[in-house]
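S.K.: For reference, the chains in residue letters:
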Amino acid sequence: MEQLLQVEGLHKSFGSLDVLMGVDMALERGQKTAIIGPSGCGKSTLLRCINYMEIPTSGHIHLDGELFGEKKANDSFTRMSEKELAVQRAQIGMVFQGFYLWPHLNARDNVAISAIKVRGMSKAAAYELAEDMLEKVHMSHKADEFPERLSGGQQQRVAIARALAQEPKLMLFDEPTSALDPELIGEVLKVIHELADEGRSMVLVTHEIRFARDVADRVIFMGDGVIVEEGPPSEVLENPKNERLRGFLHQIIKPE
Amino acid sequence: MLELLQKIYDLGGPLLLGAVTTVEITVLSFIVALSIGLLFALLKLGAPKPVVWLINVYVEVFRNTPVLAQVFIIYFGLAHTGIQVAAIPAAVIGLGLNGGAILTEIIRAGLAAVHKGQREAALSVGMTPWTSLRFIILPQTWRITLPPMGNYAIALLKDTAVVSAIAAPEIMFYARNLVTSTFDTTFIYILAALLYFALSFPLARMVNHFEQRQRAWQ
Chain B
1 MEQLLQVEGL HKSFGSLDVL MGVDMALERG QKTAIIGPSG CGKSTLLRCI
51 NYMEIPTSGH IHLDGELFGE KKANDSFTRM SEKELAVQRA QIGMVFQGFY
101 LWPHLNARDN VAISAIKVRG MSKAAAYELA EDMLEKVHMS HKADEFPERL
151 SGGQQQRVAI ARALAQEPKL MLFDEPTSAL DPELIGEVLK VIHELADEGR
201 SMVLVTHEIR FARDVADRVI FMGDGVIVEE GPPSEVLENP KNERLRGFLH
251 QIIKPE
Chain L
1 MLELLQKIYD LGGPLLLGAV TTVEITVLSF IVALSIGLLF ALLKLGAPKP
51 VVWLINVYVE VFRNTPVLAQ VFIIYFGLAH TGIQVAAIPA AVIGLGLNGG
101 AILTEIIRAG LAAVHKGQRE AALSVGMTPW TSLRFIILPQ TWRITLPPMG
151 NYAIALLKDT AVVSAIAAPE IMFYARNLVT STFDTTFIYI LAALLYFALS
201 FPLARMVNHF EQRQRAWQ
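Protein chains in written order, with the numbering used here: chain B, 1 to 256; chain L, 1 to 218.
One should not assume that every hint holds.
A few chain L residues facing chain B, derived, Cβ under 7 Å [to be verified]: (1) Gln118; (2) Ala121; (3) Ser124; (4) Gly126; (5) Pro129; (6) Ile136; (7) Pro139.
Keep in mind that the hints were calculated from the coordinates and are not lab data. All values reported here derive from a predicted model rather than from experimental measurement. Cβ atoms here follow ideal geometry from the backbone N, Cα and C, with glycine treated the same way.
Just chain B, with the same shape it has in the complex:
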C-alpha cells in the first residue's frame, strides 16, 4: 500500500512544557488510525501538528510524499509562507471537538465557502458540491439553517461536510463527540463510520474505545508525549501488553 502520511521525530513544547517528545507514525492511503490516551498525553497536539495548526518544535511531516509546512533546501528546513501552507492545509480536512461552524453562514454556505474562496469554484458548482456533502452527512434538509439553530450533533455533521467539501486526502478528527450530549453521539459516529467504509484515510483522536475498535485498523495509545503501544485494535485493545494501557482501558471500559 501507498504511504500517505508520515510523521518523523515530532517534538512539541509550549514554553517549558514538553507535550510531544519524539513521535513517529505513518499512515497508508485508506488507513484509519485511532489515537487514544489519557487527557494531557499529547494526542490532540499530535493531531494538530499534522496540519500545522500547531507548529512542531522539531520533526517533520510528509503528506503524500510532500514535505508539509516546510521547505527543504541544502539539508536545511525553513517554514513555508502562510500562503503556501494554506494550499497544503486544504488537502487535510479537520473536525474539531467544538465544531466551530461559522455562525454568520448557514449550513450550505459553511460547506460551500472554501470551495468558492479557496478553490475558486463558481457559486453554482460550490453549492452543488455542498448539497452532495450535506447529503453524505444526512443534513440536506437543514441546508438553510444557521448553526445556532442546529443541535450539537447536527452541527458536527455539518462540520464534517465542511471538511469533506475540501475533497481532502486525509481527515483528522479531534475528539469529534466529546462535546456532545450522550444521545447525540451516535449520529455523528454513524457518519464517521460511513466515511471510514468509503475507504477514506483518517486519523481519529477519540475516547470512544468501542468505536475505535469498530472503525480503526490501527490504534495508537499515547502517554506522556510518546507512543506507548500501537497495533491493530484486536491486539492493542483486547490484549494490551503495556501496564498503563491496561489501566487506562480498565478505567474507560467499565466492567459489565
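Place chain L on chain B using the hints.
M.R.: Below, chain L alone, put in the same frame as chain B:
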C-alpha cells in the same frame, strides 16, 4: 401662532444650514475614525511590539483628554507652527483622531470576542490568514461591534457641537450667532436641540433596526 411660525422660519434657515455642516463633519469624522480604528485594531493583533506600544499611547492620549482640547490643539496649535488648517478639516481631524482611539478599542474587543476556533476552522479548510479575516472573522466582529459602534456614531453627531468653538459653521455656531443678534436665547437653543434630536433619533432607530436584523443568524 403665525408669529411663532414666522420666528421658526427666520431662525430655522441658518440652523438648517448649520445642520448640513454638522452631518458633513459627523460623516467625515466617522470615516476617519473607522479607518483608524480598523487599521489599529488589526495591527494590535499582529504588529511588532513597538508599533503596538505606539498605538496604545495614541489610544490612551486621545481617550483621556477632552476632545475640545484636541480640536483646539489642531486648529490653533498647528496655526502657531505655520500650518493653517481650516475649521471644518480641523474639526474632522480632531474628532476623527478622537473617535479612532475609541473605535480601536471597540474593534479590538470585537475581534477578541470571536472564538479562536473560528480562525482555526478557517485555516484548516485552506484559507489564508487574510481570507479568514475577511470572510470569517470580520463579519462576526462587525456583528459584535455594531451596537457600540452605533452608540459611538450617535455620540459623535452630538459631540460635533464642540467644534463651534473653532467657528466651524455647524448648528451650534449658527445658534450662538443668532443668540448674539436676537437675544432669544432659550428659544434658539431649544430649536437647535430639536434639530440634533431630529438627526440623532433616526440614526438611533437605524442602529436598533440593524441590530435586530443581525440577530437573525443567532
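S.K.: Next step is simple, just say for each hint if it's right about the structure.
M.R.: Verification of the hints:
1. Gln118: holds (6 Å)
2. Ala121: Hint on L:Ala121: holds, closest Cβ of chain B at ~4 Å, below 7 Å.
3. Ser124: holds (4 Å)
4. Gly126: Where the cut-off is 7 Å and the nearest Cβ of chain B is about 3 Å from L:Gly126, the hint holds.
5. Pro129: holds (5 Å)
6. Ile136: Status holds, d = 6 Å.
7. Pro139: Holds. Min distance 5 Å.
Comparing the model with each earlier hint shows no violations; every hint is respected.
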